[in-house]
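Construct the complete structure from the given sequences, taking the supplied hints into account.
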Amino acid sequence: MIELHNVTHDYGSGPLFRDVSLKLEAGSFHFLTGPSGAGKSTLLKLCYGELLPSSGSVSIMGTDLRKMSRDALAAERQRIGVVHQDCQFLDHLNVAQNVALPITATEQTLPDNDLEDLLGWVGLGEHAEALPPTLSGGERQRAALARAVIVAPNLLLADEPTGNLDWEMSQRLFMLMVELNRMGTAVLFATHDLTLIRFAKAHVNARVLRIAGRKLAVAGSDL
Amino acid sequence: MRNRAISDLVVPQGGQSVWLVTLSAAAMGFLAVFALALAVSAAELARGWSAQLAQTATVRVSAPPAEIDEQVAIVLDVLRTTPGIAEARELDSAEQGALLEAWLGPDLPLDLLPLPRLIELTETAEGPDRQGLRLRLSAEAPGAVYDDHTRWRRPLVQATERMQALAIVALGLIGLVTGTVITLAASASLASNGQVIAVLRLVGARDRFIARAFVRSISRRAFIGAAAGTLAAMALFWALPDLGGPLEPIAGFGFRGRSWLLPLLIPPFAMVLAWAASLATAYHVLRRVT
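Protein chains in written order, with our numbering: chain Z, 1 to 223; chain P, 224 to 513.
These are computed hints drawn from the structure, not numbers from a lab.
For clarity, every value in this text was computed on a predicted model and none was experimentally measured.
Among the clues, some could well be false.
Stated by the list, open to error - Label-pair distances were calculated between CB atoms; the ranges are:
#1 P:Asp-231 x Z:Glu-168: 35 to 41 Å
#2 Z:Asp-112 x P:Pro-464: 47 to 53 Å
#3 P:Arg-481 x Z:Glu-126: 14 to 20 Å
#4 Z:Arg-70 x P:Leu-487: 26 to 32 Å
#5 P:Leu-396 x Z:Ser-55: 51 to 57 Å
#6 P:Gln-236 x Z:Ser-21: 43 to 49 Å
#7 Z:Thr-63 x P:Arg-481: 55 to 61 Å
#8 Z:Arg-70 x P:Ile-391: 38 to 44 Å
#9 Z:Asp-19 x P:Leu-396: 57 to 63 Å
As the list claims (entries may be wrong) - A few chain Z residues that face chain P, going by a derived Cβ cut-off under 7 Å, partial list only:
#10 Met-68
#11 Arg-70
#12 Asp-71
#13 Ala-72
#14 Arg-77
#15 Gln-78
#16 Leu-90
#17 Leu-101
#18 Pro-102
#19 Asn-154
For every residue, glycine included, the Cβ atom is placed at its ideal position computed from N, Cα and C.
Structure representation (structure tokens):
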């Protein structure tokens, strides 16, 4: 699905990480941990083509990222759900319109009931008409997750999606990702939350990756 | 939520670039109406003058009072027997008075003035042999001067043709400036909406969708602006007083009859221009953004 081969990334002040290789198969579940600034967000951005590696190769659904046209990359992104750490919304559209954006921006249609159900599930049913700047950090993260999963993606890339949530809501959203994973969605979940990783043990077969010291390594045994 | 609606909504509707497009389209629409009016009026004037003057001529007869009636009779006889002349008639004193009224006033004592007599003639489509006619008149009525208006008809027609060309150049320049302003506004709009582009790219929107969203917004504004400017200028022309009389040639600046429909083409033209300029700009900018 996604394959990074000997990837090095450098923002200009020396490599952030070096010779990283990673393969995300359909139906797999990976946690990505590591200290702040180690390159977790960068690794996720490389996985959906927002960044190109300084060296090495990234292939998305079997095609080398460097050889993909913009339209081809856009088509692949329609199969990838992304939850950014800073969420990124269109601030002039309401929550419902933002959550439905992956559907409407790709000229598909979605039954209104499905959108209402999803918003209700992430606890934003009451905020459907609210504008993103009026939401709390936790509400923004829930909206971003709803937007990422609305297309039932083949791959979900989540960057600290539970960082601002209480434990109950974190569990709830995590279980949504587990449900998607059971239906075949590959998940790469960047988090600092070791409690959540421990909680995951009982629900999913996940591999924990740790990025630190410019290297990516499997942390301990699989969950 | 309909796709059409969301593609219209993804670009914020406010912002300086949006107002820049609207205001510049309004100003250009307003100016374009004036340039169009000049082109239409010049064309009508040239057509009118050419038609009025092409098949008419005048013979002016000057002679001592005792001989003038005889000279006029000779000239009329010559004219009636010249091939290429359909009709020849002498202007009566009332008609001569009307011609001079604009310069000398209505109470002109024509009888007291030693005025030449005027014979108006209408030519056939082929027209007479002008050189031959002049020679014949000078031989039979030495005081008669044949004037086919060529001397002043040519510069008049040339002047109106130049006015027309000037108006067309003005229209071209207005189109060029509008296109340039819209290109700059589209660039500014795309640059100031980097977040919108990033989010749309994130959710898998293709360049076509993103470009269309910007292009629609800009084209709509250009149409609204141009329509407002055009209608304002048309209202001004509508309200112009009808001077008529001796000022008829210059009072005719504006639109008449079906030519009132021509300015209505300006808003759709502005929209098409905005669409083309903003589409090219959008693709150019999107190619440079990852």
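Okay, the hints, checked on the actual structure:
1. P:Asp-231 x Z:Glu-168: 35 to 41 Å: holds (39 Å)
2. Z:Asp-112 x P:Pro-464: 47 to 53 Å: Since Z:Asp-112 and P:Pro-464 have Cβ atoms about 59 Å apart, the given range 47 to 53 Å is violated.
3. P:Arg-481 x Z:Glu-126: 14 to 20 Å: Between P:Arg-481 and Z:Glu-126, where Cβ atoms are some 60 Å apart, the hint is violated.
4. Z:Arg-70 x P:Leu-487: 26 to 32 Å: The hint (26 to 32 Å, Cβ to Cβ) is violated, given that Z:Arg-70 and P:Leu-487 are roughly 40 Å apart.
5. P:Leu-396 x Z:Ser-55: 51 to 57 Å: Holds: the Cβ-Cβ distance is about 52 Å, inside 51 to 57 Å.
6. P:Gln-236 x Z:Ser-21: 43 to 49 Å: With Cβ atoms ~47 Å apart, the hint holds.
7. Z:Thr-63 x P:Arg-481: 55 to 61 Å: holds (59 Å)
8. Z:Arg-70 x P:Ile-391: 38 to 44 Å: Cβ of Z:Arg-70 to Cβ of P:Ile-391: about 41 Å, so the range 38 to 44 Å holds.
9. Z:Asp-19 x P:Leu-396: 57 to 63 Å: 60 Å Cβ-Cβ, so the 57 to 63 Å window holds.
10. Met-68: violated (12 Å)
11. Arg-70: holds (6 Å)
12. Asp-71: Z:Asp-71 check passes; min Cβ-Cβ to chain P is 5 Å, inside 7 Å.
13. Ala-72: violated (10 Å)
14. Arg-77: holds (4 Å)
15. Gln-78: It holds, given that the least Cβ distance between Z:Gln-78 and chain P is near 4 Å, below 7 Å.
16. Leu-90: holds (6 Å)
17. Leu-101: holds (5 Å)
18. Pro-102: holds (4 Å)
19. Asn-154: Violated. Min distance 12 Å.
Hints 2, 3, 4, 10, 13 and 19, counting from the list given before, are not met by this structure.
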